[in-house]
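Q: Okay, here's what each chain looks like letter by letter:
Protein chains: 2
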Amino acid sequence: LIMGLKPNSALKASKTLFVLPSLFTFLLVGSQGENTAMDNVATERRAEESHRQDSANLLIFIMLLTLTILTIWLFKHRRFRFLHETGLAMIYGLLVGVILRFGVHVPRNMNNVTMNCSVNASPATLLVNVSGRFYEYTLKGEVSTVKGHDVQDDEMLRKVTFDPEVFFNILLPPIIFHAGYSLKRRHFFRNLGSILAYAFMGTVISSFVIGLVMYGCVTLMKAVGQLGGDFFFTDCLFFGAIVSATDPVTVLAIFNELKVDVDLYALMFGESVLNDAVAIVLSSSIGAYQPAGDNSHTFDATAMIKSFGVFLGVFSGSLALGVATGVMTALISFCFTKLRDFPLLETALFFLMSWSTFLLAEACEMTGVVAVLFCGMTQAHYTFNNLSPDSQDRTKQLFELLNFLAENFIFSYMGLTLFSFQSHVFNPLFIIGAFPLSLTAVPYQIAVFLGRAANIYPLSFLLNLGRKNKIGSNFQHVMMFAGLRGAMTFALSIRDTATYARQMMFSTTLLIVFFTVWVCGGGTTPMLSFMSIRVGVDSDQDSSVNGTQHRNTKHESAWPFRIWYNFDNTYLKPLLTHSGPPLTATLPACCGPLARCLTSTQAYENEGHQHNDDSDELVLNDGNATMYGDVTVSTDASGTLTTNHKHLSASTMGITSEEALDQELAFGEHELVIRGTRLVLPMDDPPEPTMTLPPPPTSPPPFSDPFSDPFSDPFSDPRRNRL
Amino acid sequence: LIMGLKPNSALKASKTLFVLPSLFTFLLVGSQGENTAMDNVATERRAEESHRQDSANLLIFIMLLTLTILTIWLFKHRRFRFLHETGLAMIYGLLVGVILRFGVHVPRNMNNVTMNCSVNASPATLLVNVSGRFYEYTLKGEVSTVKGHDVQDDEMLRKVTFDPEVFFNILLPPIIFHAGYSLKRRHFFRNLGSILAYAFMGTVISSFVIGLVMYGCVTLMKAVGQLGGDFFFTDCLFFGAIVSATDPVTVLAIFNELKVDVDLYALMFGESVLNDAVAIVLSSSIGAYQPAGDNSHTFDATAMIKSFGVFLGVFSGSLALGVATGVMTALISFCFTKLRDFPLLETALFFLMSWSTFLLAEACEMTGVVAVLFCGMTQAHYTFNNLSPDSQDRTKQLFELLNFLAENFIFSYMGLTLFSFQSHVFNPLFIIGAFPLSLTAVPYQIAVFLGRAANIYPLSFLLNLGRKNKIGSNFQHVMMFAGLRGAMTFALSIRDTATYARQMMFSTTLLIVFFTVWVCGGGTTPMLSFMSIRVGVDSDQDSSVNGTQHRNTKHESAWPFRIWYNFDNTYLKPLLTHSGPPLTATLPACCGPLARCLTSTQAYENEGHQHNDDSDELVLNDGNATMYGDVTVSTDASGTLTTNHKHLSASTMGITSEEALDQELAFGEHELVIRGTRLVLPMDDPPEPTMTLPPPPTSPPPFSDPFSDPFSDPFSDPRRNRL
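Protein chains in written order, with UniProt numbering: chain A, 1 to 723; chain B, 1 to 723.
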């Protein structure tokens, strides 16, 4: 994408083959410049002008983001929680969109001469002979000629419109990677079965339900005469797929701040993250559904099976690729142990390897975003343990920043595009007002809600049959309500807006995103209290409160997970990281020599610590650094505020473990003073600095949980790292 | 640049005005597809294929960088210092270039039909009517038709060639910003006069000398008949300007590791950084030299004065813009003090503001790179003091990473382009071998060396007349020898390769960069020891050794600097940062009320500390955090190795302060244990943790230097932060 053609580069090779003996009569308004020097100057000036314009447009977005950041800060400062930063970004985007559309009148660029050649081929490159000098043109795409409306200030609005591939190749990857990298893995794996069910079966069910409801609507509209173009069943299914991708951003930010029940959090986060992966592959499979022959929109069993094969192949291929590069990074950082001395090199390597996952997947015709997700999870599970503490911080912070910027950029662009996009299908209605608009959107909203309901409720019922730790009806309602649509839905719908159906989808999707982010996002906090969901729960606190439950985690989990867990703990962790037990301890005696040569010296050193560490979950088995107390170590963005929110949530919401919170409140004052303190001391040092801190309030020493160790989160508390 | 046109968007507005009644006869090899669905599929497939190819090409670069990182690590690990990472990146790039050129044979893309329309206009957008459907084409640039050679595998090589604007808009800004942000300001300002002289007068002298020598060569070549195209005097001057930009990367990395004399370091770094800014503006001014009338390559006094005006205007405009946004960021972070609680927001804001400097400058037709440089310096001087310690780390690490990636990317691309660029002027010679090639390059090398000599020696002589602390002849020789050419020279020369002269310049520049990076870069270490330059000098140690010299810094400095320093310390620092004395203390009594309302409460708090802190330079007057001991606080990339290099350099080179180093060596072991320890404690806390550390070895308590305080570097030691 960034990669372009070098101007003025040669085009000789293909020219010799495909030279078209051409005859091109012309009639041009303007002078017939003979002076080549003057022509050169003019061309350069045009290029400069275009660059200047591009810079100015990008500047608009940067300013928008800056404004959003300052306002977010104000909101956070005032603890205003009914409008999330993404909702805010959208509002600012909308305002700028309105200004650009109705306020700014840029005179039409007279240099943009449009020639109307009639040929019957659309080559990728066109060479135009202008009085003996050759100019290279590249294909941008087809221009739809059926336009029902007259747009006045085309130029400016077209300029602020990005190539939709920017979303897929630049903005989405860091967001998705960050989601994978910051996944709270212990609770994720505890609920793996349910998450997979919601993400895979749920998304497919939802797509088909939405598709069917939509098809009903479309047929109805066609009968009434409201439909202005083709809208096939595959289009409906495609719409169902893109709208089924729920967004983890907004709701989970609120969950983070309120410290909602960990299981609900894990279910929501896991589902939304995998959801995106499923939706993107599903939509591309539906796009690949091409029945044989001319009857291109009828049902064809073989084509359907082929589509299903594409889905499976692309998904598993991307997954394998992502995991493979993740494992490779882990191996590199495992083998080059001395790389730990150079955090910059380490961070750069980590970044490049994660990026190359995306590129590799795209080059292999897989889905880069899906590969990046699983790469992120693998990196967090294995590579993270091999990194130096400095690099752990750096990588976390880097991807946090990239995620933050990309997310807010997408949402502000969404707001802007509502007015700047020029092919909205119900365009005349926009000018009259929002009322008919929302009427048009009602059937779609109904479809989306029905789809979500068909996903959550039946599946929860089925899952509860097998789960020991049931998914309560209040959880189900929250999951139903909080299924926001966001960046992924938007990116998928803006990718192709060539046909009438796609344009209609895009417009509708925008409205759905606005509605869910503002209404559902804003309503999450009241919803949680209405449904009496536990808030203010610390993940560790949770497990200590339900002591026996925690101990039984392993038996609660689904069997495929148990097998995998054993395999991972016995072979993979020792092979790929420095944190597990040495292979010599886990492999059978006959493999002794092999195990010895594959085990690093550090793993042996760890072995001793391992046994000590088992008794205290707060001590990360990082092999190099000990962190005392979860609260003091966190150097995250919302440090002080987290504490404050605990106050708030404790007073407004129903809380289960009262005395634990009392302790925390008492501790709060102290925490404020110590904030910014960061103690990463070597193991052998006596823990003197902790003398000034009170002991961690919620974790009594006899806390040995054999399960919690291998999945002890490398992030001291990833849920707090989100703003 | 990233911003593109949305495919399929409307083009109606201009169409109605400029519709050309056209007649286009065609003769196309291939089928005349009637089925629109099939056409659509074909277009999509072509776009996918192109995207796949782009991903694969980008992947090549990412892999190159990964390989470079691993090898660099090996070099660093083995303390191999004769080939810098940038030289290494170039070698890998060369290898891949050779493979792509001679090894890979990609079949020509049959879809790239090139049509040869004869019109006499080159509009920015072209609309082609293909049997009733309209396709949009955009202008890529002119294709040079005079090609003396036949390239076989055009397609692949063209694909790995980037748009040269990528360098200016994406890769250079972070490099230049990092240079400004990590400038060691105390020593920079101490040598400000000399640095400005070298950077401004020196660069201009160098450009003209190189231009004149080149013009001689070109006239000679023309006489001999070796010249294959036009090469005007302005071209020679342009070449002089782009080749005068010395690169700070390679040599300074070596200087860092060896801890070379701080004054030499400051001179080299300051000159190289400002050099780049001068060269880029100078070259664009020379490009803007357009004499009136048709005689476009003769001398014209008015045009020359106009060019000079452009130079002054663009340079001062960019400087003002950069400083303005820097000050604005400082003000924002000064006013929104509570932003410190959210390091993520703070870092994002810092990043966006710095980026917007670049965009703003480009949108105002200034030079973004120059603006970014001065923005970086302003950010380091003011904004940095207002940031939370966490954000200080984050911003430093972020730009360090961006700089590292961009730098190595450029250098590996340089290596690759030697073979992938298809318009090298001495192309046939390449195949025969490097020998005739280097012969061709000799006159240019001579010109470059003469230019450098004409810059350094006369200016040093003049400067020494005024300086108390003379620039020794050994310093001059090193500055002469270590004037490498790097990223900026390359970016400037690849920007425009349309004409014969520019192509020749580009090829020559590449050779010059290779030569200087490999030969001069590799020879720096022997050169330093040959010239008996002091190495292993700590910047603070240096000042304690030359106690009286340090105390007199202010009187040594140039008078404009002294005035500015007083102004800065009295008004700007208190106004913009939390670190200076409060305005109430510095402003005259009559301005009392104004001063009181402009002073933050934090500044008052600082006032008390200020007096205490004066006695100890190692305590940063950060208002919030105290760092104990420069060595233990540094969490930089080369922590352990810095110590090791000290060992090495102490044993191999002549060292002045023996006992200080002995202490450091004794301390070294301890440092290895404590590495990774990071103590950022609140002011009010008793400094308990330092009890375990020995007192800083090289800075005795009575170290009050009124000058060192305002410029006390916020980076504990920026020179160590470079790898």
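Careful: at least some of the hints might be erroneous.
Claimed, not checked - List of simulated lysine to aspartate or glutamate pairs, EDC-like, C-alpha gap at most 20 Å:
1. B:K306 - B:E365
2. B:K306 - A:D163
3. A:K470 - A:D300
4. B:K468 - B:D300
5. A:K306 - B:E44
6. B:K470 - B:D263
Just so you know, these hints were derived from the structure itself, not from any lab. In this text the structure is predicted, and so the values were computed from the model without any measurement.
Q: Please go over all the hints and tell whether each is borne out by the structure.
A: Hints, one by one, checked against the model:
{"no.": "1", "hint": "B:K306 - B:E365", "verdict": "16 Å, holds"}
{"no.": "2", "hint": "B:K306 - A:D163", "verdict": "39 Å, violated"}
{"no.": "3", "hint": "A:K470 - A:D300", "verdict": "41 Å, violated"}
{"no.": "4", "hint": "B:K468 - B:D300", "verdict": "42 Å, violated"}
{"no.": "5", "hint": "A:K306 - B:E44", "verdict": "19 Å, holds"}
{"no.": "6", "hint": "B:K470 - B:D263", "verdict": "10 Å, holds"}
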